[in-house]
Structures are given as structure tokens and as C-alpha cells.
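**Q** Each chain, letter by letter, is given below.
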Amino acid sequence: MTVDTTAAAAAPATGESDLPPTTGTRVTNWAANYIDERTSISGLVKELGRKIFPDHWSFMLGEVALYSFVVILLSGTFLTFFFQPSMAVVTYNGSYAPLKGIQMSTALSSTLNISFDVRGGLLLRQVHHWAALLFIAAIGLHMLRIYFTGAFRKPREINWIIGFVLFILALAEGFTGYSLPDDLLSGNGLRIINGMVEGIPVVGTWIDYLLFGGEFPGTAIIGRFYSLHILLLPAILVAALGAHMVLLIVNKHTQFAGPGRTEGNVVGSPIMPVFAAKAGGFFFIIFGVIMLTASFVTINPVWLYGPYDPSPISAGTQPDWYIGFADGALRLVPPHWEFMLGPYTVSMNIIIPILVLLVLLALVAAYPFFEAWVTGDKREHHIADRPRNAPTRTAIGAAGVTFYGVLWAAASSDLIATHFMLTVESVIHVLQALLIVGPFISYHVAKRICIALQKKDREVALHGFESGRIVRLPGGEYVEVHEQLSDYERWKLVSFDDNAPIMLRPNKDGKITAGARLRARASNWFFEDRIAPVSLTEIEQQHHEHAAVES
Amino acid sequence: MADQGTGSGTDVEKYDAAVPTGTGIVTSDRIENPGFEPVRLRVSELDPKKDKANERRVALMFGLSMIGSAGAIAAYIIFPIVPGDPGSVRTNTFLLGLGLALGLFGIGFGAVHWAKSLMDGHDLVEFRHGTRGSDATRAKAAEVFHLGNKESGIGRRHLIRNTLIGALVFFPLPGIVVFRDLAPAADPNQLLKFTMWKKGTRLTKDPSGVPIKASDVTLGSVFHVIPDGLNDLPDKLEQKAKAAVLLMRLKPEDLHVSKGRESWNYQGIIAYSKICTHVGCPVALYEQQTHHLLCPCHQSTFDITHEAEVIFGPANRPLPQLPITIDSEGYLVAQSDFHEPVGPSFWERKH
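Heads up: the protein sequence lines correspond to chains A and B, in order.
If you use our numbering, the first sequence closes out at 574, no skipped numbers anywhere.
If you use our numbering, the second sequence closes out at 785, no skipped numbers anywhere.
The following block holds chain A by itself, in its conformation from the complex:
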């Protein structure tokens, strides 16, 4: 059910239906009737056609991810018509002169053919790669938006998990796709995977052997990654994406606080026609941006790298940016973390980075449940928080972003060193220190900034803002006039969830359990330095004071 907020739009519909039907409407009516009598789709249209979507620029990030995924599917399908996922050795005989006569895998040879012998082939390869990069970047930013606005709270925890799965799948899709051309750069990436898997205790050697179908590099891995890349992973991805969308519809979108917006409503544009036009148009804009980038900017020029060979490598080797955090974790390990356990080799220089990454990802997945436990709040939350109004959450997020960022920077440690004329050793040592200290610093900085902003909001809500108008009072005193906010403007500053630490109380058996103690401590950590929203009493007091001054 939707209600219009304007009187004008609530006026009865004009008598269009009274007009004699034109040929166009007759055809539409016939088609609509034909389909409905066979699918009863009218129910769906009635249910969803005027569904309301709230507006905010940050809500577009998920859309960007969705639309770039569609572009990936379209361009990827085109590429499959030409790409041959085989590691059989051929002598390259295509148009690219510098590699003529060189032995390479069929995979690379067909990739070169797509690039140099198929019209539009290079363009669509680059569309595919740029779209993939945009896909993962948009997912990352979308996750940050959800996190920092608390949009993962009840009832959206499950959709957070589905989104997390989508993020992991996107990384897996990215890595498998990146490996397919079987060029020197991606081959070295696979070599690193090979070395990492071999470093897993007990089963690593065998998993690696089975994965590569024998010794590295073997002749199987490209074909296997191809199956994963175009069949298994996309199938799971599409299913998870579908579930993500269904839950989005069931839960309805969050909205930011604003006049008239409550936890009990959703305010915005209906799917038909405004949201459909905006979102549909936005899809074409995203596609256009990708297309324009792909026609202007080269990405992954495999012809410059040449075929994979285990011996050569180029300086400054690094993975696509989204794998950077994993590569950086490997780089930051100090020497000699490997030891012998009896006759067995334990590669802590591999195991620890893998564990760090797994724990980081697990924390991301688990955060909504952790916060739900801390607050004990079982209400549904549909108003998105401004990040400043949840200082501890925002600070934890900032710490996480810093940790990720340091790992990410570490993946380019050698390039940082050469660009800024530093030694690699000093760059690594600084990043190692930052990995430990950095999150604490950003935690505290972010928290202080949030609280400062909250205080400023209070100040503005209570006393208004500086108008820049200087007035001389009869007594000769100069004051700057403060302008009061309108009720609408003030509402945005004062309407946020207020939380206070739990009071530790005995349960009905008269006991204080360890769990309750822990939870009380956690809630204290979260909310001890809270800034309460401006209350009604405060506003009224303020008005009295103003009135007193003015009279």
C-alpha cells in the first residue's frame, strides 16, 4: 500500500480510461490479458509495481555492482565463443608480430587471437576485465556503506551473510578469470597459489597435486579454472544474487532519517515509473562508463607478458588489486617463521597469513551477530545510522579498513620503494608496524571524530548555526546572530538511536553469569562515551532562554 505525500497527486485520476482505446492500447491489453491468463502475473505487478525505493547516492553502490555483473555476463559470453581453455602447446601464428613463432598454450594463443584478430575482441576483453574490477570495487564500497550505516541490523543479518558470500565469490571469479589467459603474470600468480597450498599442513601437498592434476603447472589447471569460472561459480553467484534481491524486497530498503521518515514507513519513488527509469538508465550509464574506459584504457596486456614459463619473471610483479590484501599478508611475514615438527615441515610463513585472512573475513561475516549480542536489541531497524551516531561501530570499521589497507599497500611494497626511493626493507618494516599499530590509531581517531561531530550536531540543533551577521546591541556590544534550524533540518540531527550500557543485574536465579558480565563490559565499551540526542526538554529550555534574552 502506498500513500502519496502530496495533495496534488492524490487527486482522482483523469478520465483516460473513458477514451476510446487506440490500436496501441488494444494490443497492450490483449498481450497483458494473454500473459496474465497463463501466469497470473498481475498479482506480482500489483504487489511490486509501485514498491517504494528511497533515494540516496550511497544506495547506488549495490546497483553499480549488480549492473557491472550484468556487463560481465554479456561480455564474458562473447569471450567464451572464442576462448579455448586448453594448455596444449601451440606455436603462435596470429597477427601480433613480436610473439610470432613462440610456443605457448592454446589458452594464451586464443586470448591473443581475441585481442588481435577478432573485431571488437580486444574491446570486449577489456570491457570484461574493467567490469570485473568495477564489480569487486562496488561490492567492497557497498559493504562499507552497509556496515557504516548499520544497515546489517535486524532483520538484515542474513542478507549481510549472503552479500558476504557474493563478495567471496566475486574474488574467486576474479582470480580464476585472471588466470585463464595463461600468461607470464597470471602464471606466477598460480605459482604463488601452488606454493601456498603446498604450505598447508598435512594435506597441502596432496590438495595441490589434485588441484593442478599432477606437478605444477601441469596441463589441467586452466581447463579446471574455466569450468569454475564460467559454470560453477557464476551459477552459485546468480543464485545468491537472486536470494539477495528477494530479501531486499522482503525487508524493504533502509532509508536515512528525514522529516516524515520513520521506522514504520519507507519514503521514496515507486518502481513504476520513476525508479525503473532511474535504475534502468543508471544501468546504461554504468555500461557506458565501462565501455568508454575499455575503449580508452588498456587493461591486462597479456601480449606484453608472453607465455607462462616457470623461470622468467618481471620486476614489480603484483596481482590485480583485489587480491592485493592476500599477497600483502604473505609479504609482511618476517624471515624464519618455518619450523620442523619431528620429520614434518610447518610453514608458519604461509599458515599465519592464511589464518589472518580467514579471521579477517570471519570477523566481517560475524560482525552483525556480535553487535546484536552486545546491544541485545531485538527491534527491527530500518533507519540507516549516520556513521557518527554509532561511534564505536564506526571506529571498529575504521580499524578494519586500516588493517586491510596496510595489507593492500604491502602488496605493492616494492613499487612503493622504487617510486619513493626507499629501501624495500624499510617499507616492509614500516608496514609491519602499521599493521599492528595502525588499526588502534584509526580506531581512536575515528571515534574522536564521530563524537566531535555528534557534539557539533547537538550544538547546532540547540543553538542554531552562525549566520555571519554581526549586530551591534544598544549597549555597544557586538554579537553574531545565530540562525535557528527549521524543524525539518533539526530532525535530521536529533533523530538517531540512543543506546546506553547495560546495567549488570542478577538474573532470576539471583546470579550474575560470566556471559552477562562479558556482555555488560562489551556494551560499556560500545556506549560508555555516548552523546545523547537532543531531547524535547532541552529544546524547550533553549527556547525559553532565547525568549528571555530577546525580551
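Watch out, some of these pointers could steer you wrong.
[What the hints assert, rightly or not] Pairs of lysine-lysine residues, derived as PhoX-like cross-links and limited to a Cα-Cα distance of at most 25 Å, are as follows: (1) Lys550/B - Lys69/A; (2) Lys123/A - Lys670/B; (3) Lys123/A - Lys639/B; (4) Lys647/B - Lys685/B.
Keep in mind that the hints were calculated from the coordinates and are not lab data.
Add chain B to chain A, keeping to what the hints say.
**A** This is chain B only, laid out in the frame that chain A set:
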């Protein structure tokens, strides 16, 4: 305003009193939601001329889109790829992409402009309902499960239930077993522990396979080396991934040779595995002045004067040394295979 009861009143009032709020504070001292702001009409709603102008603008963008798409088709045909001319690939890619981009942008910006300037832009309100099903619906759902249990007897017939669970646990196991043949029958541990180097194998240049005489290796030079005969093997890459070697010549007095390795170098010519002991990248960067080998992947650094011990980076073990000497014709040859497995560490490496 048609928002009675939807746009005003504080949200806390909407909460069911029975739902625990945890740390959340519910107070009656909250400022009232002021309700919706008065609607401001857009210029196109006030001025029919602006309305018409916007309509023309939208149509213009859709028109440009058609021109872009037609241009893409034209570019595809008029600027084909000329074999042997990389410039033609660039032109084709660029113009085709430009046409397609215009075709897409025209639709995109046209639709968005239409939505923003001409369509009814007033906010609408939809009510939310709690996500949980109503008590009646939930009771119906519970009834379904109850009937399912009653009519199948799964809760009662323990024998059936337990054997079913057993069958479901066992049925995926063959699915694990069938993956054994992802790799050949051989034991990877045996394969990983040996390379194709053996006594008398000549050291040859990578990738040409030309044998190297000791006299070719001048002081300070470095050679990328593969075993003689590697290029003729069907499993060339797999063998190369283990057998690649770096050959360098240092002043013999610069080398710190440990006991038992005195005869492994030939007059200061030394050969080390090129495969990093961290995760297997080629350790291809040689710093001539410091005699350090650097892995470009993760910056593990090995000191060649100290038998390639790790002086920086995540690697743990020195690069394995290949014992070398010369044959009767003066060519460098291996004395034997490496004395330990090369490349990344693995669990059973020393087993």
C-alpha cells in the same frame, strides 16, 4: 497531506512493547518527527516551456544513442583489423567502443533525465510491516510440519529416521573418492623431491639450451640455466619449474663455504636453485654489488656469499645449491641432483 499517522510521531512509539530493546533507550522525551516537508514544485512543473525543453533534451539523448549505435556498426565495418597492423586494432577498438558508449550513454542519461525532470517526482510512502509472519500464518506453518511428522511418522519411527540419516551421511563419500583421479597415481612427495639434474647433466642457457663453458662465466656475470635436454621433454614446464638454476661467478675468497660443500663450486662459479623457497616464484633479480638474490614476488632476499641464506623476507630456507664441476670439454656439469627438495616448503619435505 495524506500522511496521517505515517510521517509524524516518533518511531519508538511504533515498537511493539514486547520486543526487547537491549541497550536501546526508549524515552518519551524525544523530539517529535515534524512530518513531511512541504513539496516544492520543479521548474518544469511550473513552466510549460521548461517542460517542453526537457522533453526535447530527453529525445535528443535518445537520438544521440541511435547515432552512437549506428556509428558502432559503421566503425566495425569501415575500420577492420588489418593483419600485421597493430594500429588497426587500436582504431577498431577505440571507434567501436566510442560508438557503443555513446549508444549506452544516450539511453542512460536520457532515461535518468526523463525521470528527474519530467516524471512525477513527489515522494510516496509505503508502510512497513514486521518481517515475521502473522501469528495465524506461523500457526499454519507449524501445522504443516506437524502434519508432515504425523503422516510420515518420522518422529516416531526411529529406525527409519536413523537409517535415513546414515544413508545421507554415506552417500556423498563416493563423491569425494571419485576426485582422486584429478591427479595421476604417482605420489607427489616422490616427484617433488627430485629434479632432472643428475651426475654429468650439462648446464645450458635458458631458454636456448646452449651449453655453458666455465670460461664463459666471467666474474660478476649471471646466467639463467636449465638442464641439457629440458627443451625436448614433453613435460618441459613441470621439469623447468623444479630445475631452473641461477649461475654466478664470485671471487672464491668472497664465498663462505660450509663443511662438505667445498667441492660444490667450480673456481667461484656457483649454481643455486632459482625457485624461491617461499612460494616458488623465480628468484630472478641479482644485485651484482651486494651479491644478493631478490624474489620479485614477496621480496625474500638471499645472500649468495653465505650459501643463499635468507637475510630478508618471508622465506625461511636458503636456496638449494646445485653441486657443479666441469666435464672433459670444459663445459659446466652437475655433480648430482640437488641434495634437498627445491621450491616451496611442503609438509613431508624432510619425511
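**Q** Does lysine 69/A sit within 25 Å of lysine 550/B, going by the straight-line distance between their CA atoms?
**A** holds, 24 Å
**Q** Checking one constraint from the list: CA of lysine 123/A to CA of lysine 670/B, max 25 Å. Satisfied?
**A** holds, 20 Å
**Q** Has the given pair, lysine 647/B with lysine 685/B, been kept, meaning a C-alpha gap of at most 25 Å?
**A** The given pair, whose Cα atoms are some 17 Å apart, holds under the 25 Å limit.
**Q** CA of lysine 123/A to CA of lysine 639/B, is that 25 Å or under?
**A** holds, 22 Å
Of the numbered hints listed earlier, not one is contradicted by the structure.
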